Each structure stands twice: as C-alpha cells, then as structure tokens.
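Start from the sequences, fold in the hints, and give me the full structure.
Number of protein chains: 2
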Amino acid sequence: MEIQVAVAKVGKWATSESGDTLEMVERPHGGLSFVLVDGQRSGRSAKAISNLVARKAISLLAEGVRDGAAARAAHDYLFTHRGGKVSATLNILSVDLTSNTLVISRNSRCPAIVITADGELRVLDEPSQPVGVRRGTKPQITELPLTAGTVIVIYTDGLEAAGVRSICALDVPAAVRELMSKDGASTQQLADGLLQQALELEEGRPHDDISVLVLCVLEREGDGGVRRLAVQLPI
Amino acid sequence: MEIQVAVAKVGKWATSESGDTLEMVERPHGGLSFVLVDGQRSGRSAKAISNLVARKAISLLAEGVRDGAAARAAHDYLFTHRGGKVSATLNILSVDLTSNTLVISRNSRCPAIVITADGELRVLDEPSQPVGVRRGTKPQITELPLTAGTVIVIYTDGLEAAGVRSICALDVPAAVRELMSKDGASTQQLADGLLQQALELEEGRPHDDISVLVLCVLEREGDGGVRRLAVQLPI
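From first to last, the protein sequence lines stand for chains Y and G.
Per my numbering, the very first residue in the first sequence carries number -14; after that it's consecutive.
Per my numbering, the very first residue in the second sequence carries number -14; after that it's consecutive.
Because the hints were derived from the structure by calculation, they are not lab data.
Predicted, not measured: the structure shown is a model, and the values here were computed from it.
Wrong hints could be hidden among the right ones.
[Claimed, not checked] Simulated crosslink set (DMTMM-like; lysine to aspartate or glutamate; CA at most 25 Å straight-line):
{"no.": "1", "chain 1": "G", "residue 1": "Lys70", "chain 2": "Y", "residue 2": "Asp208"}
{"no.": "2", "chain 1": "Y", "residue 1": "Lys167", "chain 2": "G", "residue 2": "Asp208"}
{"no.": "3", "chain 1": "Y", "residue 1": "Lys70", "chain 2": "Y", "residue 2": "Glu111"}
[Stated by the list, open to error] Listed next, with one range per pair, are the computed distances between beta-carbon atoms:
{"no.": "4", "chain 1": "Y", "residue 1": "His192", "chain 2": "G", "residue 2": "Glu105", "range": "42 to 48 Å"}
{"no.": "5", "chain 1": "G", "residue 1": "Ala(-1)", "chain 2": "Y", "residue 2": "Gly134", "range": "28 to 34 Å"}
{"no.": "6", "chain 1": "G", "residue 1": "Arg67", "chain 2": "Y", "residue 2": "Ala54", "range": "22 to 28 Å"}
{"no.": "7", "chain 1": "Y", "residue 1": "Glu185", "chain 2": "G", "residue 2": "Ala33", "range": "44 to 50 Å"}
{"no.": "8", "chain 1": "Y", "residue 1": "Val149", "chain 2": "G", "residue 2": "Glu163", "range": "51 to 57 Å"}
{"no.": "9", "chain 1": "G", "residue 1": "Arg150", "chain 2": "Y", "residue 2": "Gly134", "range": "39 to 45 Å"}
{"no.": "10", "chain 1": "G", "residue 1": "Ala33", "chain 2": "Y", "residue 2": "Ala102", "range": "40 to 46 Å"}
{"no.": "11", "chain 1": "G", "residue 1": "Pro158", "chain 2": "Y", "residue 2": "Ile152", "range": "51 to 57 Å"}
{"no.": "12", "chain 1": "Y", "residue 1": "Arg205", "chain 2": "G", "residue 2": "Arg162", "range": "31 to 37 Å"}
{"no.": "13", "chain 1": "Y", "residue 1": "Ala102", "chain 2": "G", "residue 2": "Glu105", "range": "48 to 54 Å"}
{"no.": "14", "chain 1": "Y", "residue 1": "Gly68", "chain 2": "G", "residue 2": "Glu206", "range": "26 to 32 Å"}
[Said to hold, decoys possible] Residues from chain G that face chain Y, not an exhaustive set, calculated with beta carbons under 10 Å:
{"no.": "15", "residue": "Leu7"}
{"no.": "16", "residue": "Glu48"}
{"no.": "17", "residue": "Arg51"}
{"no.": "18", "residue": "Thr172"}
Virtual Cβ for every residue (Gly too), placed ideally from N, Cα, C.
Below is the structure:
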C-alpha cells in the first residue's frame, strides 16, 4: 500500500502570515504525524499561538508520546502560558505503523471527513473544544484501520466559512463527495480542489486562513519503497 | 518567487527501516528548515540515532534558535547521550525569510551542491565532521542570497557510495549537471533522477540508506500564495 498526503494552505487576504500552522513529524516507532493548528484571530499573533501549540505537539510526538497525551499537553501548555485567555484549534492525524491504524485527534469544532474503504462518507463531528481556554480539555480521538481506499480530510474553519458572508458557506462533505466522484482524482487534486472551491466563494480574497489536508491510502505498491516529500512555498 | 523542495529517500536493501531521518519544520520568524540526518550503521539502531539528532535540531529550530546553534546543540546532545561513541551526519537547509537567504549547515563528509543563478556549479566541500564523536564539533555554514535560479542539492553518503562495490561510484556533481541540462526538469524530477541513477548502479538493492533533497528557487509567482505539501509513504 501507499499513503499519500497532500496539504494546500493559504493565508487570509492581505495579511502577511497565515495564522494556521501545519507540521509533519516522523513517529519514532514508525509512521508519520501531521499537526494542524489554527491560532485565535489572524496574522502575526495567531501565528505565534499556532506555532507554540504545534511545536509542543510535534516535539512530544517525535519523542514517541501517544497522540492523546500530546494533544492534552499542547492544551495544558497553551492554557498555562496564556492563562486560559487564548484558544487554538488542534488536529492531529497520524499514520501509526505499530498499530496499523490511522488516528484522528480533534480539538476543533470543524469535523473531520472520512471515506471508508467501502465508499461510505462519515463526518466525525462529536462535540470538541479548542485547546487553551477550558481546564482539562481533551481531544476527540477516532482510530481507523489502515485499509486501502480510506480517505481522510481535515481542515481549519476558514474552509467551511468560505462564502458565508456573501453567497452561502461551502458544504465541505458535499464538495468532498463531488471531487471524489471524479475518476482518478489524485490526493493533491482533492486538496487543491477543496481549497479552490473555497477561494472561488471568497472571490480570491479569503476572510480567514484556510488549510486543507487530505490523506489517501492507496492499493498500489510504492515504487521500490521510495518515500517522497514535495513542498511549494511562494515567497 | 517560489521555493520548491523535493526529497526522495530509500532504505538499505532488506532492512525494515532507513537509518536516515528527514524532518521539516517552520521557522517562527518566517521560512522553513529541512534537517537530514544519517545515523551510524543502518537499520533500527541507526534510526534511533538519527531520530534523536533530528528531533533535537528541529525542536530548537522551531523555537527560533539559529541554525549554527541548533547544529552545535544536536552534536552536544548526541555526544553527551552516547559518550562520544556514536556518530551521525547532519545537514540543515533553511529558507530564512528574515534575512532572505538560504542557509546550508554541514556536519558531513558529503558535499552540498549549489547551482547559482548564473548557472555556475559549486561544490561545498570544506572539511566537516559528523556530530557525536569529537568534543566541540561545529558545522560548516554557507549562506546564499535567495535568488531565482538557485538550486541546492544535499544528500546522505549512500548516494555517492552507490555503485562503488561493482562498477564505479556515482559522480554526483556530474549527475546533477546532466539532469539540470534537461529543459524543464522539475524539482521532483531532479531528486528522483539522482536517486534513480544511484539505484541503477546498485541494481535496485542499495547497500546503504540513500536520501536526496533538492531545493529550487523559481522565478514564477506562486498561484495566489498557496503553500503545498505532498507526501508519499509506501508501507
């Protein structure tokens, strides 16, 4: 099998920095974790918050700390550091090669979307609090088998708020379903397609930072076990 | 401008894990850093070492620590932890958006290859020690302006040792020059092409872990400031 992950990420219109932070880290027992954080407000102050939360989470995950504990620690750290006055949403998506599972941790009002191997679309939207403001905040954790055909989409609230000020908000599950129905859509095309729909609703000038992460588990054999990473960073 | 980075990475033939670790982290003042570590020997023990060194480096870089200090700290940490008995090579490549420079830190006998904006190929091969074994080890640091047309290639020693047991070792600078001469070769094609040549010399069964990282600074405007990340992980 092969895991493919694609991220597309854009900052709020006319701000120098996105307040969203996406980090990736290798799990010492095998696999990868992706951490997506949306800091309260936008611009530089939001970036400082999301960087702080993401940094705490990845440094723990890199030491082999389990996802639930890393999310709790990231909350406690922000809560202590900022006296419960600043919030951030936190998603952790892990490919855990020890348990052969996909682990989704949510501290966000945004759902995660899962398409299972048999094509069923599930919206993971159990009530969940952002980190940083309420003592004892815990993540919502969902563990799925690492099965070919599985697709997971996580995103920050800028995606589902796209268009809400003018036409109508983006229906993310419907958009995922539509994009998936196109034969042979690549992981990158799914991520780009979702971001593109949001940007169209916002007429190219997003009112908030938008980040989309798509993970697909594919049947195909990776060629010769080569791992690849590609980054595009406009400056 | 747009920065593109591509990594291609493969483990030694018939080992479950690559002893090389590649991590990427956002710089809190703007930009990205890539950390490439090759732990002594191969397999699980090498992975544990490279994970330890990479983790120390990225956690410091994520806090805003400068590259030279992060490399020194990673050395001191491994030296202290393993009593000077275990070595690792360490490369840090940073896109620093505060100073608008590319920063290359080498603790490795492998050179870094730079193609400057005017097409000149430079081999950065000042003598440099791996981390972990000699007290006071320092990185070799090169800072380059962030100019469109610049290409940087860093790699672990498995690349230049490819073929050395049978035919002849891969001439990495010559291979880079040849691949660059193909019009319109993408960043990913450069990384894949170098790995491919090494794998051919090793008849598909590499005697060592091989990792290649290519960074290109392109003239083109990134479309609407969208940042992208793509990962392929065969399992």
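These are the hints, each one checked on the structure:
Taken as a hint, the G/Lys70 and Y/Asp208 pair is broken in the structure, with Cα atoms around 36 Å apart against an allowance of 25 Å. For the hint linking Y/Lys167 to G/Asp208, the alpha-carbon distance of about 23 Å falls within 25 Å, and the restraint holds. With a C-alpha separation of about 24 Å, the suggested pair Y/Lys70 and Y/Glu111 falls inside the 25 Å cut-off, and the hint holds. As the Cβ distance of Y/His192 to G/Glu105 is approximately 46 Å, the hint placing it in 42 to 48 Å holds.
Checked against the hint of 28 to 34 Å, the pair G/Ala(-1) and Y/Gly134 passes, with Cβ atoms roughly 29 Å apart. At roughly 27 Å, the beta carbons of G/Arg67 and Y/Ala54 sit within the given window of 22 to 28 Å. At roughly 47 Å, the beta carbons of Y/Glu185 and G/Ala33 sit within the given window of 44 to 50 Å. At roughly 52 Å, the beta carbons of Y/Val149 and G/Glu163 sit within the given window of 51 to 57 Å.
Distance hint check: the CB atoms of G/Arg150 and Y/Gly134 are about 41 Å apart, consistent with the given range 39 to 45 Å. Distance hint check: the CB atoms of G/Ala33 and Y/Ala102 are about 34 Å apart, inconsistent with the given range 40 to 46 Å. For the hinted restraint 51 to 57 Å between G/Pro158 and Y/Ile152, the CB-CB distance of approximately 55 Å keeps it satisfied. Our hint of 31 to 37 Å for Y/Arg205 and G/Arg162 holds, since their Cβ atoms are close to 33 Å apart.
Between Y/Ala102 and G/Glu105 the CB atoms are about 52 Å apart, so this pair conforms to the stated range of 48 to 54 Å. Our hint of 26 to 32 Å for Y/Gly68 and G/Glu206 is violated, since their Cβ atoms are close to 42 Å apart. The beta carbon of G/Leu7 is positioned within 10 Å of a beta carbon in chain Y (closest approach about 7 Å), and the interface hint is therefore held. Contact between G/Glu48 and chain Y, as hinted, is supported at the beta carbon level, the nearest pair being about 7 Å apart and thus within 10 Å.
The beta carbon of G/Arg51 is not positioned within 10 Å of any beta carbon in chain Y (closest approach about 16 Å), and the interface hint is therefore violated. With its C-beta approaching chain Y no nearer than about 7 Å, G/Thr172 sits inside the 10 Å limit, and its interface hint holds.
In summary, the structure is inconsistent with hints 1, 10, 14, 17 from the numbered list given earlier, while agreeing with the others.
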